[in-house]
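Below, each chain spelled out in residue letters.
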Amino acid sequence: MGKTIAEKILSAHTDTDNFKIGDIINVRVDFAFANDITAPIALKYFRESGAKEVFDRERIGLIPDHFAPNKDIKSAEQCKLLREFAREYGIVNYFEVGKVGIEHALLPEKGLVLPGHMVVGADSHTPTSGALGAFAIGVGSTDFAAVMSLGEVWLKVPPTIKFIYSGKLNKWVGGKDLILYTISKIGVDGANYKVMEFSGEVIKGLSVDNRFTMCNMAIEAGAKTGIIEFDDITLEYLKGRTKKPYQIYKSDPDASYEQIIEIDVTKIEPQVAFPHLPENAKPISKIKRIRIDQSIIGSCTNGRIEDLRIAAEILKGQQVHPEVRLIVIPATQDVYLQAIHEGLIDIFITAGGAVSTPTCGPCLGGYMGILAKGERAISTTNRNFVGRMGHPESEVYLANPAVAAASAIAGKIVGPEEVK
Amino acid sequence: MIIKGKVWKFKDNIDTDVIIPARYLNTSDPEELALHCMEDYNAEFAKKVNQGDIIVAGKNFGCGSSREHAPIALKVAGIACIIAQSFARIFFRNAINIGLPIFESEEVAEQCSEGDLLEVDTAKGIIKNLNQDKIYKTNLLPEFIQRIITMGGLREYVKEEIKRRDK
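Just so you know, the sequences run in chain order B and F.
Add 11 to the 1-based position in the first sequence for the working numbering, that's all there is to it.
Add 335 to the 1-based position in the second sequence for the working numbering, that's all there is to it.
So here's chain B without its partners, still in its complex pose (with noise of 0.2 Å):
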């Protein structure tokens, strides 16, 4: 019988033999991060764990990406416990604020996660390294003080879903649409526990960042990670950031699968997933009149260069319409500068367009840029729970960077098409 990827990283990171699907297995760990929310409280447990040192000082990340540049006192006070960490055990990767970035695009980017490796982030949204065919988890704080300590996590061994994707992607329609189009077939919960491997000749033609949105949000129909086979595409974005060795698994062609799902993308206009759960997405052509208060365009699922391009397309000559409010937030401090080189940051703030310093701020509602009572938003985040950007009585609609740049300069939600 043949091995899915993610048995294949599973395997060479155990010394469980003969494991199975549902079996709780130790496995060591390549990189293991936490950022200002999630470190905290893990770095306390670590001190009082007895530990005397962590397992590998350059295999740590300390990322103050959420609150940071610190938003108020607690956050400073929060900031300062990870820095003087980092300092006290010497963590090699803490990010200090005008080198950090959104922790999910900046670790691909230093090259830190590789093809190959076992990824314990104490953050929901690391399933995004799996892009580059990787096995990355989400986990609590308590679980990265663990590995902090021991080089290693505990997990049960999950079973695989198969995603198949095929036909001609339309016009504005990238990796973005791709998700939240599965989402809402499968349901919040559709892949709980589960691996999405993701493939098929959409993918085999689809750009990093892309497939960084797509395994990003894995988490949101519940996954434990998402995954994308190593190919050319991985190799040359990899190219000038890492000279380390890594391991290139791909499935066995007689891969036992839990399911496998075969979509035709031909069909799929834009997306726009409306409150209260990522599952409620509807093709951009169905929606009418839905006025907005602000467009945000940044975090972890699509503040990569290629997604500030897109929206540069669509706002080069425009104008933001009087009663919205545009944040546009590069996810780190390379995509910022890519993006003033080549002129993008000129076109938003030209447009009348705000733009921040690479933080998760607004999409979890932290700050620069939160809603007020009866707000409503679009979005090119993740979550758009009950409360998720600020007021509980606040509104947030998922989108891709086409679509929040168009709703933009239109005041409401509508496609590219219709602002060109």
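Possibly wrong hints are sitting among the right ones.
Here are a few chain B residues that sit away from chain F, every Cβ distance over 12 Å (derived from the structure) [as the list claims (entries may be wrong)]:
| id | residue |
| --- | --- |
| 1 | Thr49 |
| 2 | Lys85 |
| 3 | Glu88 |
| 4 | Ile148 |
| 5 | Asp200 |
| 6 | Asp242 |
| 7 | Arg252 |
| 8 | Glu273 |
| 9 | Asp275 |
| 10 | Pro294 |
| 11 | His332 |
| 12 | Ile351 |
No more than 25 Å apart at the CA atoms, straight line, and that leaves these computed lysine to any residue pairs for SDA-like [stated by the list, open to error]:
| id | chain 1 | residue 1 | chain 2 | residue 2 |
| --- | --- | --- | --- | --- |
| 13 | F | Lys339 | F | Leu370 |
| 14 | F | Lys502 | B | Glu59 |
| 15 | B | Lys63 | F | Met486 |
| 16 | F | Lys344 | F | Phe380 |
Label-pair distances were calculated between CB atoms; the ranges are [to be verified]:
| id | chain 1 | residue 1 | chain 2 | residue 2 | range |
| --- | --- | --- | --- | --- | --- |
| 17 | B | Lys261 | F | Glu478 | 30 to 40 Å |
| 18 | F | Asn474 | B | Lys327 | 52 to 62 Å |
| 19 | B | Arg252 | F | Gln446 | 48 to 58 Å |
| 20 | F | Glu449 | B | Glu95 | 43 to 53 Å |
| 21 | B | Lys254 | F | Glu449 | 52 to 62 Å |
| 22 | F | Glu441 | B | Glu212 | 36 to 46 Å |
| 23 | F | Glu449 | B | Lys293 | 32 to 42 Å |
| 24 | F | Lys383 | B | Lys293 | 50 to 60 Å |
| 25 | B | Pro333 | F | Leu452 | 54 to 64 Å |
For the record, the hints were derived by calculation from the structure and aren't laboratory data.
Quick caveat, the model's predicted, so the values are computed rather than measured.
The beta carbon of each residue, even a glycine, is placed where N, CA and C say it ideally should be.
Assemble chain F onto chain B, guided by the hints.
Only chain F this time, still in chain B's reference frame:
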């Protein structure tokens, strides 16, 4: 361990943003988190919940963010056990890791009412509804997970493991 408590009933897909909104995540002080627990869903919850109470919920409880603040807030607010039709996976492991007993039971989620008195035998996985005079048997958690819960959470396991490796 036997847990006896009154039921708080919740619907499907209770997410971690509702359990503890991110606007309170600039602290990790458990007492402060507990004060705001479930506030956007039921403003009375944090005020009225008693030590030992039990949550019974629908499917996908705890979906969304990995914030351990969510099970911590519930535990410190007084919740002794959570029974749901199903749990989101990160919440599931976070609850186990902090030593908060949780069980999956579709029957209990369907049949139990708000305010019912439940008695849960965590070691045997037996849930009694004392109001409705019903007994439910849940699937036992895997041995390793039971061991972590019995030890009081993953932190205790890690402490022992560090000692063992130091030898």
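Comparing the hints with the structure gives:
The claim that threonine 49 of chain B lies off the interface is violated: its Cβ sits roughly 6 Å from the closest Cβ of chain F, which falls inside the 12 Å cut-off. Consistency note on lysine 85 of chain B: stated as away from chain F, yet its beta-carbon is not over 12 Å from all of that chain's, at 4 Å minimum. A Cβ of chain F approaches the Cβ of glutamate 88 of chain B within 12 Å, the least distance being about 8 Å, so the stated non-interface status is violated. Listed as outside the interface, isoleucine 148 of chain B is inconsistent with that label: its C-beta sits roughly 8 Å from the nearest C-beta of chain F, within the 12 Å cut-off.
Distance check on aspartate 200 of chain B: its Cβ comes as close as 4 Å (rounded) to a Cβ of chain F, failing to clear the 12 Å threshold; non-interface status is violated. With a least beta-carbon separation of about 28 Å from chain F, aspartate 242 of chain B lies farther than 12 Å from that chain, consistent with its non-interface assignment. Once the 12 Å rule is applied to beta carbons, arginine 252 of chain B is consistent with being away from chain F; the minimum gap is 26 Å. A cut-off of 12 Å between C-beta atoms confirms that glutamate 273 of chain B is not in contact with chain F; the least separation is 25 Å.
Residue-level check passed: aspartate 275 of chain B sits 28 Å from the nearest beta carbon of chain F, beyond 12 Å. Remark: the non-interface label on proline 294 of chain B is consistent with the geometry, its nearest Cβ contact in chain F lying 23 Å away (cut-off 12 Å). Every CB of chain F lies more than 12 Å from the CB of histidine 332 of chain B, the least distance being 27 Å, so the non-interface label holds. A cut-off of 12 Å between C-beta atoms confirms that isoleucine 351 of chain B is not in contact with chain F; the least separation is 30 Å.
For the hint pairing lysine 339 of chain F with leucine 370 of chain F, the CA-to-CA distance comes to about 23 Å; that is within 25 Å, so the pair holds. Between the alpha carbons of lysine 502 of chain F and glutamate 59 of chain B the distance comes to roughly 19 Å, so the proposed pair stays at or under 25 Å and holds. Taken as a hint, the lysine 63 of chain B and methionine 486 of chain F pair is honoured in the structure, with Cα atoms around 22 Å apart against an allowance of 25 Å. At most 25 Å may separate the alpha-carbon atoms for a hinted pair to count; lysine 344 of chain F and phenylalanine 380 of chain F meet this at roughly 11 Å.
A C-beta distance of roughly 34 Å is found between lysine 261 of chain B and glutamate 478 of chain F, which places it inside the suggested range of 30 to 40 Å. A beta carbon spacing of about 57 Å between asparagine 474 of chain F and lysine 327 of chain B agrees with the range 52 to 62 Å that was offered as a hint. For the pair arginine 252 of chain B and glutamine 446 of chain F, the beta carbons lie near 54 Å from each other, so the given range of 48 to 58 Å is met. Distance hint for glutamate 449 of chain F and glutamate 95 of chain B: a CB-CB separation of about 46 Å, consistent with the stated range 43 to 53 Å.
Evaluation of the 52 to 62 Å hint for lysine 254 of chain B and glutamate 449 of chain F yields a pass: the beta carbon distance comes to about 60 Å. For the pair glutamate 441 of chain F and glutamate 212 of chain B, the beta carbons lie near 39 Å from each other, so the given range of 36 to 46 Å is met. Between glutamate 449 of chain F and lysine 293 of chain B the CB atoms are about 34 Å apart, so this pair conforms to the stated range of 32 to 42 Å. For lysine 383 of chain F and lysine 293 of chain B, the Cβ-Cβ distance of about 38 Å falls outside the hinted range of 50 to 60 Å, so the restraint is violated.
Between proline 333 of chain B and leucine 452 of chain F the Cβ separation comes to about 58 Å, which falls inside the hinted range of 54 to 64 Å.
Going through the hint list in order, the structure does not satisfy hints 1, 2, 3, 4, 5 and 24.
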